[in-house]
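Visitor: Each chain is listed here by its residues.
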Amino acid sequence: MRKRLYQVWIYLKGLLIVMKYAFKKPITIQYPEERRVLPPRSRGRHYLTKWTDGYERCVGCELCAIVCPSQAIYVRPAQNEPGHAHSHGERYASDFQINMLRCIYCGMCEEACPTGAIILSGEYELSGYTREDLIFTKEKLTEKYPGESGRDPKREI
Amino acid sequence: MIEVLVKGLILVMVLFGAAAYMTFIERVVLALFQLRLGPNRVGPFGLLQPIADGIKLLTKERFQPANIDAFTYWLAPSISLFVALAVFAFIPFGGTVHLFGQEIQLRIADVNSGIVLLLAISSLAVYGIVLAGWSSNNRYSLLGGLRGTAQLISFEIPMGISLLTVILSVGTLSLPEIVEAQRGHWLIWSNPISFLIYLITSFAETNRAPFDLPEAEQELTAGYHTEYGGMKFAMFFLGEYVNILVVSSIAVTLFFGGWLGPYDWPVIWFVLKVAVIVFFFMWVRATLPRFRYDQLMSFSWKVLIPISVINLIVTAFFLLVVK
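Protein chains in written order, with the working numbering: chain A, 1 to 157; chain B, 1 to 323.
Any given hint could be a false lead.
Straight-line alpha carbon distances no greater than 35 angstroms define the calculated DSBU-like cross-link-like pairs of lysine-lysine that follow [said to hold, decoys possible]:
no.	chain 1	residue 1	chain 2	residue 2
1	B	K7	B	K56
2	A	K13	A	K24
3	B	K302	A	K25
4	B	K56	A	K3
5	A	K154	A	K140
6	A	K3	A	K13
7	A	K24	B	K56
8	B	K7	A	K13
9	A	K154	A	K138
10	A	K20	B	K302
11	A	K3	A	K24
Just so you know, the hints here were simulated from the structure itself, not pulled from any lab data. None of these values were measured; they are calculated from a predicted model.
Given these sequences and hints, build the entire structure.
Guide: Below, the structure written as structure tokens:
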């Protein structure tokens, strides 16, 4: 009998607990209007960053393409022409493509990069109408101005 | 004659609207309990959501699975909706009002044995479920239909017995007279156990959580309405929600003094009381997990029926000996 009464009491207690939750603030984020504040190191789309003087950091070493576990990166290195240099090194990336559909956003390219050229920013809204839309080319990946990606352009790597 | 038709038409429209908005309110209430927001995109505060849902359901493809019993398959949803609506004909939702120089009774059928007819018709609702389960030629549907039958039959008995105590203590079968007898003294104060049993059985009667076994999503996909889509599904859905309104209205009529309240507002007290009970239905749905099938059966036959019989005997004893 006591067990039965306890079971009934448990049911009533459950009802009260549920009612308690009705007065709490909903945790839903109304996405397009409100946005979640992401953790500072969250990984989204890539950027090819620049130095403060506007030179590209990428020296075309292809380490990112080698380390990439999903083989999403393609780099075509080229020699820097004297007087018309793109980077501070001997070489630069004349083409740089990342297939965002293959990328798993692991951030290993960022770790492998000796000059800190490729970084993963916090932007996660990646969508396109075709597969080709989501193969990001060099124009799309390179910062328009130093520091556009949110990383300090004065940093060493 | 015309008066009854007009009243019936208005009632059906109001019930459809109420059922449609109950789906919306249920979603919002459940969301509230689960720390969500619920539908709030269509129209201001999401208020147009039921209309959007209705348009979607009406414009869906009309399909019918292969190797089914076609006549029964099409008949079943209309049974469950019709029965739910028909019960409302006996429920008094107000006294007499004067409108356009006429005396209008706020009920459709004034039957002197309303409560018996009400039980008789509401028991027919199981045919919608059984026939849907049988005609769909689908194992899940059939299992849902079987569960529905067994559940409704075994919960009909304690419900009937608990309503008998009401009839005993009031001494009439007519619903308006039962309401009038509760002026100043609601029956829930003298028959609380009957009310509790009625409430529990009404959850089973409407196939709602925690007794939603006929449509248990996790086990039977959607139970008896697995093979139904579009407006046929919507009819089951409407029927279910009108049924909730029906059982809440019966509870209000029998235990909470129907339309009676502090001031002489015709329908408002009735609607308010029904709304509170409907909210309780949603609250319970948000809280309790589903009963297992054998638990359900043993709960009905080993707990509810003995309690309701003892309750009936005690009520009879009080009425005969003590009074």
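Visitor: Confirm or reject each hint.
Guide: Hint check:
1. Under the criterion of a C-alpha separation no larger than 35 angstroms, the hint pairing B:K7 with B:K56 is consistent with the structure, at around 29 angstroms.
2. With a CA separation close to 17 angstroms, the supplied pair A:K13 and A:K24 stays within the 35 angstroms bound.
3. Taking the CA atoms of B:K302 and A:K25, the gap is about 42 angstroms. The hint is violated against a cut of 35 angstroms.
4. Using a Cα cut-off of 35 angstroms, the hinted pair B:K56 and A:K3 is violated, with the two alpha carbons roughly 49 angstroms apart.
5. Proximity of A:K154 to A:K140 is assessed by CA-CA distance (about 22 angstroms); at most 35 angstroms being required, the pair is judged to hold.
6. For the suggested pair A:K3 and A:K13, the alpha carbons sit about 15 angstroms apart, so the restraint of at most 35 angstroms is met.
7. Annotation: proposed proximity of A:K24 to B:K56 holds, straight-line Cα distance about 33 angstroms (limit 35 angstroms).
8. For the given pair, B:K7 sits about 43 angstroms from A:K13 by alpha-carbon distance, which is inconsistent with the 35 angstroms threshold.
9. A threshold of 35 angstroms between alpha carbons decides the hint, and for A:K154 with A:K138 the separation of about 22 angstroms falls inside it, so the pair holds.
10. Among the hinted pairs, A:K20 with B:K302 is consistent with the structure: their alpha-carbon atoms are about 33 angstroms apart, no more than 35 angstroms.
11. This hinted pair checks out: A:K3 and A:K24 have alpha carbons roughly 32 angstroms apart, not beyond 35 angstroms.
Hint violations for this structure: numbers 3, 4 and 8, all remaining hints satisfied.
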